[in-house]
Structures are given as structure tokens and as C-alpha cells.
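Asker: The chain contents come next:
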Amino acid sequence: MKYKDGVILAADTLASYGSEARYKDVCRLKKVGEYTLLGGGGELSDFQYLSDQLDEMADEDWLNEDGCFMGPKEYSSYIGRVMYNRRSKFNPLYNQFVVVGKKKDEPAHLMYVDHQGTAFEENFVATGFGMHLGIPLLRNSWRADMSLDEAKALATKCLEVCFYRDCRAYCKIHIGVCNGTSVDISAPIPLNHFWGHGAWTEKRLEDDDPTATW
Amino acid sequence: MVEVEEPQDYLDVFQSQRGGFSFENCKRNAYLAAQANIKPPTAMKSGTTICGIQLKDAVILAADTRATEGPMVADKNCEKLHYISKNVFCAGAGTAADLQHTCEMMESQMELLRMATGTEPRVCTVVRRLSSMLFKYQGYIGCALVLGGVDVTGPHLYQIYPHGSTDKLPFTTMGSGSLAAMAIMEAEYNENLSIEDGKKLVAKAIRAGIFNDLGSGGNVDVCVITKETGGAILRNYEKPNERKFKAQHAAFPKGTTPILKEEIMKLVSVEEDVVMRD
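If you're matching them up, the sequences are chains A and B in order. Numbering follows the numbering used here, with no gaps: position 166 of the first sequence is 167. Numbering follows the numbering used here, with no gaps: position 7 of the second sequence is 1160.
None of these hints come from the bench; they were simulated from the model. The structure displayed is predicted, hence computed values, not measured ones. Ideal Cβ placement from N, Cα and C applies to all residues, glycine included. Among these hints, one or two may not hold up.
[What the hints assert, rightly or not] Some chain A residues judged to face chain B by a derived CB distance under 8 angstroms, without partners named:
hint, residue
1, Gly129
2, His133
3, Arg144
4, Met147
5, Val162
6, Gly199
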């Protein structure tokens, strides 16, 4: 989501192999060029392929030595077109991307790009289960003038709820921040989860009957 | 639709007549679909958001009020909170007809039980009867229910699925808008809420369903069940979708349309006759 001074992106650290939680320490956020952050969900190999292509583009951009570097608007537009062209050739990159960034004094940029080539700009987006569980929370609480701490807390809250209710989510996340000058991806942050609801833990029956569940 | 095989020999006929269920109508429907291309009418479903929370000594249920018939809104302000007994209420998602009839059946059974035993019916009784019935019909009765009540053993909140499975939970949501409402519940539920805060939480969860799910809409109904007062349905507790501009028509005054001719004809003659019946 966008906040007062830029934009943040949060993702959990799980790469699943079908239903198996195969790799639990994967960073799904990637710094692209100087000012952009790419977050990818879906097929991890396609995400890695596109990351390599974007790295090559960033190197060529640097080699131009023209004093300016491509920003989030350029990268997100490029990624959007690539995805649409791949789907039109029936050879899609099976991903849902969120491309964010802030280039110096330009306004913050946040774009959602899909494996179908859907590309749109918004103030806050979510992919996968986050769309069903996170967007209601974001729609209630997001404001344009949020501070960095408030934005981080809201993103953490959304990913916590996703961890409770999505079978394929995980309780460790990365948060990436783009504030116009630098792109920082945090160390893995473990999420808090609460399982001590009274209705589950209190004993209602007089004697400890292990068979009774009502 | 259920596949109906034509009986090949007397064993098939014998087999098809075993058990207590008669599938005559299934055969008729299959025949109509095959020969006359007649599809059965679609049931009116309620793409819905319903939710419930269990507090220290109360249970609060809430529901939206939109009933959909495919992509159309059939009823903008229908009632999804059903009365089962003074201390047990339920919110229903799924096929509207099934919900109404199932809840009325439970209501009458509980009233008979109350009169027979002289005690207030328990929540677990209703849950047991509902789950047995729904399992018997193997999910063909499309009722997904959030059932809550307060009885002598305390407040209880249950979740019952169309196939008959039950869950006992501190907070729950069901229906097409359940994910949106569950996000709000997971973020803000805690068991020490007061009744006022509880009402605000369920209303917020239903509002999330109304605005983020296309199958839910309309107003928010809330039902609070406590030990002392039993249950009270607060119909249209919140109206977040009020119509802003309504056409204003002043009633036309009497005499606006001039009467040109008046004719009274006696078409019915009333005879006073006593008919004797044996």
C-alpha cells in the first residue's frame, strides 16, 4: 500500500510445492533497478525468470550512463506489456505481481500485474487470498497520509489474518519500503498468532470427561 | 442432476424399491430434461454474509438482507435471522426456501419439546436435530446455519454446514461474504467484549461483507441473545445503503378526475337458503 512518504510491500516467506510447504525462507520481494520493488506470487520459477530479465534491463540502463535510471512507472508498464504478450501467445508467466516504487520526487507508484495481462494502478492491492481477506481491512483503515509505522502495522495485520485463514500462508514475512531515496527489504519478521480463546480452553463439564465434546 | 438408470431386470426394480426413499420425482425430472428439454426452476439462493460471536454471557448474531436469484437481487430487505425459541436464534445462508422451512420445523419441534418437558430447550438439542436431518438428506437441503443461544449451561455458538457437520466456535462467519467478514472478526474479536462493542463488531463484519462481496448487500440485521432477556432481533440495525433520492408524488386530491356517468347494476342476487347436510 501507499503511505505518506512512499509505498510498502509485504509478502510471506513460503514457497509451496502444491500442498507441501517446501521452502519456508524464500524472499518473494525483489529490488529492481534503483527505485522499484517487485513482489511476486504464483509460479516461483517464472518470477525468477522475470527477475533475471529485469536485472539485465537494469544493467543496460546503467550502461547507458545518461544520468537517469528507469523508475517504477517504466518497469511496471514493461512488466504489464510482457505479461499481456505472453498470455496472447498462450505461453503465460503464471504470476500475480505487485510492482511498487517511488522515484525521488515523483509520486509513489503501485501497480498490480496479472498472468492474464491485467494491469492497473491503485492505492493498495493484494494478491491471492489477500484479495478476499486483506482488502476489506485495507478498505476500512487505509488513509493517504499514513505514517510508515501505521502502514507496516496494517500490512502485518492483514498478513496475520491471512495466516489464520489461508491454508497456504506462513507466519514469517518480509516488508519492503520504497521512500524515494532507497529500497529496503527487511529481515524476516515472525508474526504473532493467538490460539487461547476461552471458548476453546475453558472446561464446561464438572468432571474431566475426555470423550465429551459438547 | 442425479443420474437415473432404467431398470434392466427384476433385481434392479427390487433394488430401486428398497429403503425408505422414493425417487419417483427424480425419474420424472430426468425424463423431462431428456425428452422435453425442460430444466427445473432455479432455487432462490441467498448469497450472503452471516456471522456470530460468543461473549462471556451473550451470543450476538448478524446478517445482511440481500436475497439473490442468480445475478439479480430478488429481495433487498429479506430476513435471514430466524426465531427458533426464545433463547435460540439462527442465521441462515443458502437456499432461501430450505432455510425458512427448516427453521420453522425446528421452531415447532422445540415448542413441543418445551411443553412436553417443562424446561427451556437447549442449544445442543437444536444442533443435534438439525445436523441429523441435514445429514439424512446428504446435502440436498442447502442450509448453512450459524446457530446461537444461551441456555442453562451458558452461551453457545455453532456453525452447521449443509451436509450436516457442526462446529462449536467462539466466532464464525458463513456465506459468500464470509471471507470479508472473517477478516474483520479475526482482526478485532476478543472474548471480553461488552454487548455494545459486540454489536458494533458484528455490524462492522457484515458491512465488510456488504461492501466487498457482490452476493451480499442491503441492511444489517443484528440479534442479541442474553440469559436474562432471551433473544431480541434488531431489524435493520444499520442501513448503510439508504436510497438518497426518492420520487415524491403528492396524492391527487379527490375530484381531480371528473365523473361523467354513474351506473349501478345488481349482478348478484343473495338467496337466504339453509342447506341441510347429513
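Asker: Look at each hint and say if it fits the structure.
Answerer: Evaluation of the provided hints:
1. At a threshold of 8 angstroms, the smallest CB-CB gap from Gly129 (chain A) to chain B is about 12 angstroms, leaving the interface hint violated.
2. A least Cβ separation of about 4 angstroms between His133 (chain A) and chain B falls short of the 8 angstroms threshold, and the interface hint therefore holds.
3. Hint on Arg144 (chain A) is violated. Least Cβ distance to chain B is approximately 17 angstroms, over the 8 angstroms limit.
4. Nearest Cβ of chain B to the Cβ of Met147 (chain A): about 16 angstroms, over the 8 angstroms cut. The hint is violated.
5. A hinted interface residue such as Val162 (chain A) counts as satisfied when its beta carbon comes closer than 8 angstroms to some beta carbon of chain B; here the least separation is about 4 angstroms, so the hint holds.
6. A distance limit of 8 angstroms between C-beta atoms decides the matter here; for Gly199 (chain A) the minimum to chain B is near 5 angstroms, and the interface restraint holds.
Going down the numbered hints, you'll see the structure goes against 1, 3, 4, while the others check out.
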